[in-house]
Amino acid sequence: MRLAAIERRIFELESSRRGGTDPAIVLALLDWLDSVEIRDGNLLARFHDSLLYLCAYPPSQQVLRRAESLLKRFGGRVERLERSGDISPLLEPEVSGIAGTSIETPGFSYEVVRWLQEKFPRQTAIDWDTEPAAERLVSLLTPLIPLLGEESNADANVDYRPWLAAANLSRPGRGLAWLLRNLGRIPIEPHQLAALYDSLQLTIQWRLGESPMSRTRMRRRPGSTFFQRTPPLPRRDVSLARQLAAPPLPISKLSMRDGEAVLDLARGSMALRYRELYCFNWGDPRSVVSADAGRGLEIFLVGVVPEKRLPLRASFGTFFVRNGVPVGYADAFGLCERMDVSFNIFYAFRDGESAYCFAQLLKLYRQLFGSTSFSIDPFQLGVGNEEAIKAGAFWFYRKLGFRSVDPGIERIARREEERIAADPLQRTTERVLRRMARSPMNWDADESDDSGRLSRSAGRDWDRFHVRNLGIAVQRNWSRHGGSGADFIDFCLRRVAAHLQMRVGVLTALERRALEGLAPVLLLARMERWTAEERAAARRIIRAKTARREDDYLRLLSQHVRLRRALLAHGSDRKS
1 MRLAAIERRI
11 FELESSRRGG
21 TDPAIVLALL
31 DWLDSVEIRD
41 GNLLARFHDS
51 LLYLCAYPPS
61 QQVLRRAESL
71 LKRFGGRVER
81 LERSGDISPL
91 LEPEVSGIAG
101 TSIETPGFSY
111 EVVRWLQEKF
121 PRQTAIDWDT
131 EPAAERLVSL
141 LTPLIPLLGE
151 ESNADANVDY
161 RPWLAAANLS
171 RPGRGLAWLL
181 RNLGRIPIEP
191 HQLAALYDSL
201 QLTIQWRLGE
211 SPMSRTRMRR
221 RPGSTFFQRT
231 PPLPRRDVSL
241 ARQLAAPPLP
251 ISKLSMRDGE
261 AVLDLARGSM
271 ALRYRELYCF
281 NWGDPRSVVS
291 ADAGRGLEIF
301 LVGVVPEKRL
311 PLRASFGTFF
321 VRNGVPVGYA
331 DAFGLCERMD
341 VSFNIFYAFR
351 DGESAYCFAQ
361 LLKLYRQLFG
371 STSFSIDPFQ
381 LGVGNEEAIK
391 AGAFWFYRKL
401 GFRSVDPGIE
411 RIARREEERI
421 AADPLQRTTE
431 RVLRRMARSP
441 MNWDADESDD
451 SGRLSRSAGR
461 DWDRFHVRNL
471 GIAVQRNWSR
481 HGGSGADFID
491 FCLRRVAAHL
501 QMRVGVLTAL
511 ERRALEGLAP
521 VLLLARMERW
531 TAEERAAARR
541 IIRAKTARRE
551 DDYLRLLSQH
561 VRLRRALLAH
571 GSDRKS
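The numbering used here applies: residue 1 is where the sequence shown begins, and numbers increase by one.
A hint or two may mislead.
Claimed, not checked - Taking lysine-lysine pairs in the DSS-like style, the calculated list, with each CA pair at most 27 Å apart, reads: (1) Lys72 to Lys119; (2) Lys308 to Lys253; (3) Lys119 to Lys308; (4) Lys253 to Lys119.
Since the hints were made in silico from the structure, they are not lab data.
Please construct the entire structure, taking both the sequences and the accompanying hints into account.
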């Protein structure tokens with residue numbers, strides 16, 4: 001009966017997210033739940049995330065203070081549950097990262113493990129109880145541990161653990177730092193080093209304790225607090241066209257120190273959920289900007305360091321914070337005015353203003369980069385992504401005005417809309433959702449009316465585009481040229497440099513890297529026909545690829561008519 005009473009109170013707390021609940025009632029629920037011990041892991045996780053939600057969407061100052069006070073003591077609740085019950089429900093990816101728990105996974109990349117070891121050296125260790133790729137590990141350890149080769153080079157199935165224990169390397173906090181230090185001394189390329197680390201299949205344990213980097217306590221101090229005195233904005237009240245037409249968002253550039261702090265929050269938020277994002281792993285702290293998106297929402301945009309940028313598309317990571325609480329992330333890969341976007345609101349906050357967050361995100365991309373055509377990849381809709389199927393991601397974007405670029409899937413979507421309009425109790429089956437997820441969805445800002453839908457006369461230049469098609473066109477050129485990949489890249493570089501009257505020998509390392517990346521694609525554009533002005537514009541594009549952020553690169557690409565036309569021609573599927 002006591003457990004049922006706790007569950008009922010937590011359900012009432014969750015129901016208050018819909019808005020309209022008197023803050024006094026919320027405070028009474030918090031007081032009651034504070035007075036009881038929750039010995040069920042699932043209920044404790046739900047209570048934790050309800051408190052986090054109240055910090056991001058507080059109905060009053062009093063509720064905010066009470067929720068924060070309860071969260072500051074939450075590690076004690078976890079500790080008591082661990083002594084008397086099962087905390088495994090707190091370790092599931094949907095709720096992981098709670099104070100007092102640990103993150104354990106063999107899935108972290110070399111870059112993330114190095115970051116964890118640098119920032120949390122006493123909390124991060126190799127879990128030697130979980131079996132790594134033993135033969136590869138012994139092979140790596142042999143030249144590093146005196147006399148290990150006496151056994152490893154002569155015997156099979158060598159047990160590395162006694163050697164590590166004798167060298168005092170299996171002790172928490174010691175073995176990982178030692179291994180990373182020695183890996184860093186191996187004279188191989190960084191990508192080869194990362195692959196070598198991945199091949200070891202080491203399980204990393206990150207003990208959170210009461211760390212300010214836990215989900216429970218992770219915060220960025222807000223300039224002011226927005227109190228949610230009305231229900232969250234529903235998706236039906238959000239128009240992408242209206243949001244993009246509204247006045248510009250206030251944007252400020254962060255100092256390098258503040259940029260590094262934001263990147264740490266972003267990387268930590270991902271790692272706590274067993275995830276990572278390329279644009280955060282290689283984010284440039286000098287590039288971070290903050291956009292005040294209103295309603296307590298702050299959006300941070302991060303550029304990638306020049307030496308890790310993609311050859312063709314511009315890369316950006318975005319991180320959402322509401323009232324100081326991290327609530328989601330996104331990344332974007334741009335080419336001309338086209339932007340491939342992903343978007344994810346963390347599980348605890350999906351009852352909040354997700355559609356508003358997404359609309360403000362597209363507004364930020366439009367404002368900074370001039371983006372007008374936005375595309376959602378099938379993975380975001382559910383291909384190989386059960387989370388997106390369960391969440392009905394297709395309908396989230398569809399109701400905001402996105403359309404499938406596949407006419408057959410668009411017909412299925414319209415039939416589903418008609419069926420649901422006739423009977424609102426109907427739901428789209430998972431089988432149909434999977435069919436509709438097979439094709440990208442696009443939305444074009446300059447061709448949309450106030451509802452966000454495309455007008456009938458809209459030009460859909462980017463509908464059939466996929467960057468893979470450009471890659472395939474380049475590979476065909478390589479096949480005709482022959483030789484190694486490096487020889488082909490060098491050939492392209494010198495041909496393009498000659499067309500553009502650029503002296504390869506005087507280029508900086510970053511400029512040469514940018515030219516090497518772009519040259520195979522530039523050769524597809526028949527540069528021998530370009531005017532002197534078009535060649536000068538191409539030189540500016542190459543240099544812009546190495547700038548602090550890739551904003552100007554995208555704008556200059558959009559303005560280069562011949563190059564943009566060639567990118568579309570070679571990057572688009574042929575019409576059937």
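Tested hints:
This hinted pair checks out: Lys72 and Lys119 have alpha carbons roughly 21 Å apart, not beyond 27 Å. A C-alpha spacing of about 21 Å is found between Lys308 and Lys253, which places the hinted pair at or below 27 Å, so the restraint holds. As the CA atoms of Lys119 and Lys308 are separated by approximately 22 Å, the hinted pair is consistent with the 27 Å bound. With a C-alpha separation of about 24 Å, the suggested pair Lys253 and Lys119 falls inside the 27 Å cut-off, and the hint holds.
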